[in-house]
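J.: Full structure from sequences and hints, please.
Now for the letters of each chain:
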Amino acid sequence: MRLFGKAGLRNPRDIAKERLKLMLIQDRIQVSPGFMEELREALLSSLGKYLDVDREGTELSLEVGENRGKLVASVPIKSVKRRAEHD
Amino acid sequence: MEPRVITITSGKGGVGKTTITANLATALALAGHQVVAVDADIGLRNLDVMMGLENRIVYDLVDVAEGRCRLRQALIRDKRLSNLFLLPAAQTKDKTAVQPADMVKICEELRSEFSFVLVDSPAGIEHGFRTALAPADEVIVVTTPEVAAVRDADRVIGLLEAAGKESVELAINRVKPEMVERGDMLSVEDVLEILAIPLIGVIPEDPEVIVATNKGVPVVLNNLSPSGQAIKDMARRLLGEEVPFPTLKGKESIFNLLSRWLRRK
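Taken in order, these protein sequences are the chains called F and Y. Convert by adding 7 to the 1-based position in the first sequence; the result is the number in this note's numbering. Convert by adding 711 to the 1-based position in the second sequence; the result is the number in this note's numbering.
Note that these hints are calculated values from the structure, not bench results. It is possible that part of the hints are untrue.
[What the hints assert, rightly or not] Below, computed lysine-lysine pairings styled on DSS-like, alpha-carbon distance capped at 30 Å:
hint, chain 1, residue 1, chain 2, residue 2
1, Y, 876, F, 24
2, Y, 806, Y, 816
3, F, 24, Y, 887
4, F, 28, Y, 804
5, F, 77, F, 24
6, Y, 876, F, 28
7, F, 24, Y, 723
8, F, 28, Y, 887
9, Y, 723, Y, 806
10, Y, 806, Y, 790
11, Y, 804, Y, 876
12, Y, 723, F, 77
[Claimed, not checked] In silico contact screen, one side only, chain F against chain Y (beta carbon under 8 Å); selected entries:
hint, residue
13, 18
14, 19
15, 38
16, 62
[As the list claims (entries may be wrong)] Stretch by stretch, here's where chain F covers chain Y in the computed footprint (C-beta under 8 Å, at least three residues):
hint, segment
17, 817-830
18, 858-872
19, 919-929
We put the beta carbon where it would ideally sit given N, CA and C, even for glycine.
T.: Structure representation (structure tokens):
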């Protein structure tokens with residue numbers, strides 16, 4: 008009986024779901040060649056609207072830790088574009 | 712109605728592909744359609760055993776592909792239903808004995824005589840899988856609510872998308888509602904959320920399947936079996952009927968009863 012168990016402890020169903028989600032993050036990226044390159048391009052082109060960035064110095068990686076996947080981007084900024092000011 | 716070639720596949724072995732193929736074929740035949748079940752698992756044939764036809768095999772799929780017999784000679788008529796046939800796999804050859812092009816050609820020929828051609832794919836994602844997939848208009852991916860099976864199903868779905876298969880549907884087998892209720896097993900909703908493809912069937916865990924397999928009588932012929940009923944529902948959905956998915960509720964835990972009672976207060 009789980010009268011008190013629901014609050015903090017994760018049950019096997021939740022653990023299974025979380026593990027699967029993490030596995031699939033890695034699987035889906037590994038099996039699709041060009042995914043990271045495409046993502047890098049998409050990221051740089053939208054950042055380009057706001058920043059002048061060093062494309063060659065940009066590093067993008069995927070880290071899958073204990074309970075979540077994380078996209079880590081290191082984007083050296085050369086300058087920030089001037090934008091119209093609003094009040 | 713256009714003849715339909717439907718391949719049943721899974722990635723992971725042992726999730727119930729062959730059982731579902733045999734039963735789906737039987738259910739479609741019970742509904743009055745001309746059906747043939749093709750065993751594409753060359754070297755490890757099982758579909759004949761599920762259908763209780765293992766003693767009647769003379770020629771097999773490899774004999775047809777290699778021209779040792781005509782297609783018609785290899786087809787085995789079911790014992791009970793005169794509109795249901797089996798094209799058995801070879802037990803002695805290896806998986807590369809039939810090429811994707813052979814399978815396409817054989818299924819083209821079957822289309823002229825049958826309204827449903829169900830192809831039972833081998834496990835894995837290699838040659839045999841690609842061969843079984845080649846002729847398919849539609850694909851049913853079978854999984855169970857287990858981490859490894861769902862992971863492999865995801866991989867297969869990715870390959871099917873890459874191969875340009877547009878109709879890909881999911882069957883979730885061996886669901887244990889009581890375990891889901893207790894938080895011990897992935898639910899149908901969990902699996903759907905992760906795999907994100909349309910659902911065609913939800914089949915509960917059912918000991919009757921073992922009994923049926925032992926007897927060589929597909930479980931859909933047992934009117935009292937819950938899994939048999941679920942596969943009949945699946946067949947009706949394939950035929951275009953809107954059949955609701957029964958909410959698979961197990962015995963309620965005291966916690967659930969109590970919390971519902973408290974919420975009502």
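J.: Against this structure, judge whether each hint is valid.
T.: Now for the hints, and whether the structure bears them out:
1. Y/876 with F/24: Distance of about 27 Å is within 30 Å: holds.
2. Y/806 with Y/816: holds (17 Å)
3. F/24 with Y/887: This hinted pair holds, its Cα atoms lying about 16 Å apart.
4. F/28 with Y/804: Violated: residue 28 of chain F and residue 804 of chain Y sit about 39 Å apart, past 30 Å.
5. F/77 with F/24: Measuring from Cα to Cα gives roughly 17 Å; hence the hint holds.
6. Y/876 with F/28: holds (24 Å)
7. F/24 with Y/723: Since the Cα atoms of residue 24 of chain F and residue 723 of chain Y sit roughly 18 Å apart, the hinted pair holds (cutoff 30 Å).
8. F/28 with Y/887: Holds, at about 21 Å.
9. Y/723 with Y/806: Judged against 30 Å, a Cα distance of about 17 Å means the pair holds.
10. Y/806 with Y/790: holds (28 Å)
11. Y/804 with Y/876: holds (28 Å)
12. Y/723 with F/77: Holds - the C-alpha atoms of residue 77 of chain F and residue 723 of chain Y are around 28 Å apart, at most 30 Å.
13. 18: It holds, given that the least Cβ distance between residue 18 of chain F and chain Y is near 3 Å, below 8 Å.
14. 19: Because about 5 Å separates residue 19 of chain F from the closest Cβ in chain Y, which is inside the 8 Å limit, the hint holds.
15. 38: holds (6 Å)
16. 62: For residue 62 of chain F, the interface hint is violated, since the closest Cβ of chain Y sits about 29 Å away, which is over 8 Å.
17. 817-830: violated (count 0)
18. 858-872: holds (count 6)
19. 919-929: Not satisfied, violated; 0 residues make the cut.
Hints 4, 16, 17, 19, counting from the list given before, are not met by this structure.
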